[in-house]
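A.B. asks: Chain by chain, the residues:
There are 2 protein chains.
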Amino acid sequence: MSSGKLPSKSHDFFGWYNEVIYQAQLVDESPTRGCVVLRPYGYALWENIVHIMDKRFKEKGIENAYFPLLIPESFLKKEAKHVEGFSPELAVVTHAGGKQLEEPYVIRPTSETIIYHMMARWITSWRDLPMQLNQWANVVRWEMRTRPFLRTSEFLWQEGHTAHATREEALEKAKEMLGVYIKFITEELCIPIFAGEKTPKERFAGGDATFTMEGMMPDGKALQMGTSHLLAHSFPAAYGVQFQDKDGQMKSPWCTSWGTTTRMIGAAVMVHGDDAGLVLPPAIAQYQVVIVPIFKTDEEKVTVLAAANAQKQALENADIRVHIDARDERPGAKFFHWELRGVPIRLELGPRDVAQQSLMMAPRIVAEGADRKITVAFDALVGTVHGALKTFAQLLFTRAKTYRDAQLSNATKGTLESFGKNIEAYNGFVKAGWCFDRACEEALVAYKGSIRCILDEMVPDEAQCFGCQKPATHVVLAAKSY
Amino acid sequence: MSSGKLPSKSHDFFGWYNEVIYQAQLVDESPTRGCVVLRPYGYALWENIVHIMDKRFKEKGIENAYFPLLIPESFLKKEAKHVEGFSPELAVVTHAGGKQLEEPYVIRPTSETIIYHMMARWITSWRDLPMQLNQWANVVRWEMRTRPFLRTSEFLWQEGHTAHATREEALEKAKEMLGVYIKFITEELCIPIFAGEKTPKERFAGGDATFTMEGMMPDGKALQMGTSHLLAHSFPAAYGVQFQDKDGQMKSPWCTSWGTTTRMIGAAVMVHGDDAGLVLPPAIAQYQVVIVPIFKTDEEKVTVLAAANAQKQALENADIRVHIDARDERPGAKFFHWELRGVPIRLELGPRDVAQQSLMMAPRIVAEGADRKITVAFDALVGTVHGALKTFAQLLFTRAKTYRDAQLSNATKGTLESFGKNIEAYNGFVKAGWCFDRACEEALVAYKGSIRCILDEMVPDEAQCFGCQKPATHVVLAAKSY
Numbered sequence: 001m002s003s004g005k006l007p008s009k010s011h012d013f014f015g016w017y018n019e020v021i022y023q024a025q026l027v028d029e030s031p032t033r034g035c036v037v038l039r040p041y042g043y044a045l046w047e048n049i050v051h052i053m054d055k056r057f058k059e060k061g062i063e064n065a066y067f068p069l070l071i072p073e074s075f076l077k078k079e080a081k082h083v084e085g086f087s088p089e090l091a092v093v094t095h096a097g098g099k100q101l102e103e104p105y106v107i108r109p110t111s112e113t114i115i116y117h118m119m120a121r122w123i124t125s126w127r128d129l130p131m132q133l134n135q136w137a138n139v140v141r142w143e144m145r146t147r148p149f150l151r152t153s154e155f156l157w158q159e160g161h162t163a164h165a166t167r168e169e170a171l172e173k174a175k176e177m178l179g180v181y182i183k184f185i186t187e188e189l190c191i192p193i194f195a196g197e198k199t200p201k202e203r204f205a206g207g208d209a210t211f212t213m214e215g216m217m218p219d220g221k222a223l224q225m226g227t228s229h230l231l232a233h234s235f236p237a238a239y240g241v242q243f244q245d246k247d248g249q250m251k252s253p254w255c256t257s258w259g260t261t262t263r264m265i266g267a268a269v270m271v272h273g274d275d276a277g278l279v280l281p282p283a284i285a286q287y288q289v290v291i292v293p294i295f296k297t298d299e300e301k302v303t304v305l306a307a308a309n310a311q312k313q314a315l316e317n318a319d320i321r322v323h324i325d326a327r328d329e330r331p332g333a334k335f336f337h338w339e340l341r342g343v344p345i346r347l348e349l350g351p352r353d354v355a356q357q358s359l360m361m362a363p364r365i366v367a368e369g370a371d372r373k374i375t376v377a378f379d380a381l382v383g384t385v386h387g388a389l390k391t392f393a394q395l396l397f398t399r400a401k402t403y404r405d406a407q408l409s410n411a412t413k414g415t416l417e418s419f420g421k422n423i424e425a426y427n428g429f430v431k432a433g434w435c436f437d438r439a440c441e442e443a444l445v446a447y448k449g450s451i452r453c454i455l456d457e458m459v460p461d462e463a464q465c466f467g468c469q470k471p472a473t474h475v476v477l478a479a480k481s482y
Numbered sequence: 483m484s485s486g487k488l489p490s491k492s493h494d495f496f497g498w499y500n501e502v503i504y505q506a507q508l509v510d511e512s513p514t515r516g517c518v519v520l521r522p523y524g525y526a527l528w529e530n531i532v533h534i535m536d537k538r539f540k541e542k543g544i545e546n547a548y549f550p551l552l553i554p555e556s557f558l559k560k561e562a563k564h565v566e567g568f569s570p571e572l573a574v575v576t577h578a579g580g581k582q583l584e585e586p587y588v589i590r591p592t593s594e595t596i597i598y599h600m601m602a603r604w605i606t607s608w609r610d611l612p613m614q615l616n617q618w619a620n621v622v623r624w625e626m627r628t629r630p631f632l633r634t635s636e637f638l639w640q641e642g643h644t645a646h647a648t649r650e651e652a653l654e655k656a657k658e659m660l661g662v663y664i665k666f667i668t669e670e671l672c673i674p675i676f677a678g679e680k681t682p683k684e685r686f687a688g689g690d691a692t693f694t695m696e697g698m699m700p701d702g703k704a705l706q707m708g709t710s711h712l713l714a715h716s717f718p719a720a721y722g723v724q725f726q727d728k729d730g731q732m733k734s735p736w737c738t739s740w741g742t743t744t745r746m747i748g749a750a751v752m753v754h755g756d757d758a759g760l761v762l763p764p765a766i767a768q769y770q771v772v773i774v775p776i777f778k779t780d781e782e783k784v785t786v787l788a789a790a791n792a793q794k795q796a797l798e799n800a801d802i803r804v805h806i807d808a809r810d811e812r813p814g815a816k817f818f819h820w821e822l823r824g825v826p827i828r829l830e831l832g833p834r835d836v837a838q839q840s841l842m843m844a845p846r847i848v849a850e851g852a853d854r855k856i857t858v859a860f861d862a863l864v865g866t867v868h869g870a871l872k873t874f875a876q877l878l879f880t881r882a883k884t885y886r887d888a889q890l891s892n893a894t895k896g897t898l899e900s901f902g903k904n905i906e907a908y909n910g911f912v913k914a915g916w917c918f919d920r921a922c923e924e925a926l927v928a929y930k931g932s933i934r935c936i937l938d939e940m941v942p943d944e945a946q947c948f949g950c951q952k953p954a955t956h957v958v959l960a961a962k963s964y
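These protein sequences, in sequence, are chains S and D. Under our numbering, residue 482 is the last one in the first sequence; the count climbs by one each step, no gaps. Under our numbering, residue 964 is the last one in the second sequence; the count climbs by one each step, no gaps.
Honestly, I wouldn't trust all of these hints.
[Stated by the list, open to error] Here are some chain S residues the structure puts well away from chain D; computed CB gaps all over 10 Å:
{"id": "1", "residue": "E19"}
{"id": "2", "residue": "S30"}
{"id": "3", "residue": "Y66"}
{"id": "4", "residue": "A96"}
{"id": "5", "residue": "P130"}
{"id": "6", "residue": "A137"}
{"id": "7", "residue": "V140"}
{"id": "8", "residue": "T199"}
{"id": "9", "residue": "Q242"}
{"id": "10", "residue": "Q244"}
{"id": "11", "residue": "D274"}
{"id": "12", "residue": "H323"}
{"id": "13", "residue": "P351"}
{"id": "14", "residue": "F397"}
[Unchecked claim] Derived lysine to any residue pairs resembling SDA-like cross-links, with alpha carbons at most 20 Å apart:
{"id": "15", "chain 1": "S", "residue 1": "K448", "chain 2": "S", "residue 2": "F397"}
{"id": "16", "chain 1": "S", "residue 1": "K55", "chain 2": "D", "residue 2": "Q731"}
{"id": "17", "chain 1": "D", "residue 1": "K581", "chain 2": "S", "residue 2": "P104"}
{"id": "18", "chain 1": "S", "residue 1": "K60", "chain 2": "D", "residue 2": "D938"}
{"id": "19", "chain 1": "S", "residue 1": "K81", "chain 2": "S", "residue 2": "D219"}
[Unchecked claim] Listed next, the stretches of chain D that the computed footprint assigns to chain S, with coverage defined by at least 3 CB atoms under 8 Å from CB atoms of chain S:
{"id": "20", "segment": "521–533"}
{"id": "21", "segment": "552–560"}
{"id": "22", "segment": "824–835"}
In short, the hints are calculated from the structure, not lab data. Quick reminder that beta carbons are idealized off the backbone N, C-alpha and C, glycines included.
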């Protein structure tokens with residue numbers, strides 16, 4: 001493992017990304033193709049994500065369950081579009097227990113097929129609906145090109161699966177869960193996003209409507225941060241899921257699925273980090289505060305560590321995650337260490353501070369013009385740190401939104417020729433008019449772009465389709481994407 | 483799904499076990515050989531286990547990480563005993579991404595091999611030690627005979643892996659983590675166990691010492707509840723894990739691994755359940771308390787539900803997990819429903835109770851001679867329920883220990899002939915003398931028994947080996963096992 005200077009984020013974005021995640025020990029390379037190891041400092045981010053989101057799912061009536069990793073190969077074939085979408089990426093178990101299997105199993109790329117098989121056993125009447133399940137699990141998709149967090153052969157995720165009596169109710173649930181994601185991504189990950197519906201071309205394999213959230217990465221490309229689907233009515237039917245409705249009729253329920261993955265960690269690294277290393281959103285950081293004790297003599301060490309421990313305790317009592325770096329290293333080396341690891345707030349505490357019952361607070365980043373360090377009295381520490389963490393999160397969001405908005409252009413009256421070259425050359429997002437025709441949508445491919453989502457916005461007067469110049473019926477977000 | 487009367491636990495133990503876990507909706511059959519689906523009510527038990535144990539691991543300095551599911555086949559072959567132990571059970575991925583793989587991957591049966599591969603990258607100096615990792619994950623072992631929770635082709639578990647500079651320190655850690663397990667199993671799962679070391683014959687494939695906990699199931703057989711291993715020194719060395727010690731010498735670290743699984747849920751079901759259904763230990767029950775509102779008119783319903791909600795809130799504020807069963811069913815049907823599901827405490831609340839500001843408390847089981855129901859005033863409810871949950875857990879443990887001790891015989895001066903037939907015919911545990919000779923140990927096989935563990939007990943004067951009748955050097959626990 002190298003631990004030298006990082007490449008510049010603005011000059012060598014991917015060089016920077018690949019180095020910062022290894023040097024900060026979020027991940028390491030693994031011997032398994034396209035997979036990384038999540039080291040403790042990286043896995044802790046996922047644990048915090050799980051903790052926050054799981055609680056919110058449960059508040060929405062979602063229950064967790066666990067389904068088998070291995071799915072009979074024939075299950076995927078029951079829904080034609082679904083198997084078409086996933087079969088190039090499947091990992092297949094052909095041998096087990098020392099023998100060739102009669103029917104191979106695929107490692108789940110997603111679990112709709114086996115979950116519908118089970119729902120067919122569990123759902124018989126309208127009284128069994130809604131059924132609202134979620135699974136925290138690993139999935140495998142054997143992707144050609146991989147990048148840590150953003151796209152790996154195995155990844156950790158949650159997949160929600162619900163069944164409802166009516167299309168309206170299912171659609172409402174798909175949107176409700178998208179709302180849970182939007183709140184988490186904007187408030188906790190501090191990343192601004194555009195949310196909207198995918199075009200029919202870009203939908204989930206087997207979906208009737210796919211909702212997405214698109215964040216802008218620092219290279220101006222769009223990253224899909226999570227999706228929520230209303231599934232085609234034929235999908236649960238293909239697995240025999242039926243219920244007797246209040247009117248006595250047998251019907252197929254309407255289903256949703258929705259998922260987010262460890263990819264969210266990659267997005268937070270990309271959007272917030274800088275040339276000194278990670279800059280972590282406080283909600284997911286393993287440590288929100290690091291205390292660096294400063295001392296020369298053994299006597300000073302005793303005094304300073306006692307004070308550091310007392311302040312740590314006070315902060316922890318207020319549910320703030322704190323670490324004291326008591327290693328045998330120079331303070332400067334510790335500052336560098338925790339800057340690289342993106343801890344939001346550093347507290348420095350020496351013998352003179354203890355004498356004055358105060359310490360120095362240095363946030364990892366501050367707003368332009370603000371003091372980089374301030375003195376805080378012990379008895380004001382908890383309140384000050386609470387406020388500083390909140391300010392820190394707001395600063396991350398504002399900074400990311402300012403950047404995003406500067407790379408966003410409005411071309412609802414423009415043509416593909418007028419903005420396509422810009423997408424190809426400089427990236428960035430374009431709001432464009434669209435006529436809903438697939439041929440127009442596909443014209444974007446020539447510029448390496450795509451429609452990321454249909455925005456829920458009024459179509460301006462005289463807006464025209466970027467492709468055919470006919471009157472636009474929709475406003476869409478066009479961009480290059482990961 | 484059937485939901486009829488359960489078979490009698492005492493007359494048809496396995497019939498009872500298989501029915502109770504399905505009827506109480508802990509699990510359902512799956513289309514994947516040897517795997518079950520963990521339904522929400524069953525998965526919630528695992529979530530509570532994870533929550534409690536994870537916190538205790540972290541208090542011992544353990545950090546969570548995540549390693550790939552798929553391990554290159556060649557990795558397992560580097561340690562001869564390890565591959566010998568696991569190869570009959572492996573599930574093998576031979577195709578992925580539409581192509582045959584050059585080297586197959588095995589789905590992890592356990593992760594030592596890939597973790598040591600990574601530790602070889604991370605450990606270079608004594609300063610990097612101890613390294614103390616844990617992983618919560620799914621593993622696959624393609625077992626011949628499976629039974630829900632006890633032995634399934636895929637199961638959920640945690641696997642701890644630590645590396646230390648010295649054998650003493652590693653051995654101490656292996657025992658410390660065993661201690662964490664013992665505390666959890668006896669205090670939270672309320673199951674008495676015998677803990678001790680495995681014989682060389684029964685050790686982990688690649689281990690130097692294996693510590694185990696053996697619980698007695700209601701059929702008198704032993705169930706291994708979890709293990710902790712000191713690994714053979716050659717094991718990390720086979721993966722190139724080395725460090726420079728303080729003396730400047732390159733050395734191989736000493737390693738431990740330790741694991742517990744969803745099997746613990748099966749043990750709790752078996753040990754505590756009765757002919758009416760599950761009896762759940764309060765620490766892991768999804769709901770510790772269920773409130774059954776009783777009313778006839780709509781007006782009564784409003785009054786009763788308001789009071790039920792107020793009491794629920796009070797209990798939840800005291801960290802008690804409560805559910806109000808407001809379904810449109812008769813109270814008797816609800817009592818049956820929650821008895822089957824083993825909720826520790828039922829509260830019944832009708833309009834007359836509301837008028838008297840009190841309710842009826844009915845624990846799922848009570849000590850012999852105790853009242854099955856008592857009246858509790860609203861303002862004494864939180865304290866009374868707290869106490870009742872504690873009493874409930876103690877009762878479960880005492881009841882299980884009384885049963886276990888009645889099936890435990892002492893034969894440290896006996897011969898295999900004198901107790902072997904009893905083990906074969908009636909099951910139960912036997913404390914016996916042993917000379918440490920493998921030939922004597924293997925004589926137990928004729929009676930379908932085995933040495934479950936070597937007990938850390940004084941060898942009584944004149945104790946003799948059950949096999950050769952020579953003076954015993956150890957006291958062992960002999961039994962049939964799962």
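A.B. asks: Tell me, which hint numbers fail for this structure?
C.D. replies: 2, 3, 4, 6, 7, 15, 16, 18, 19 and 22
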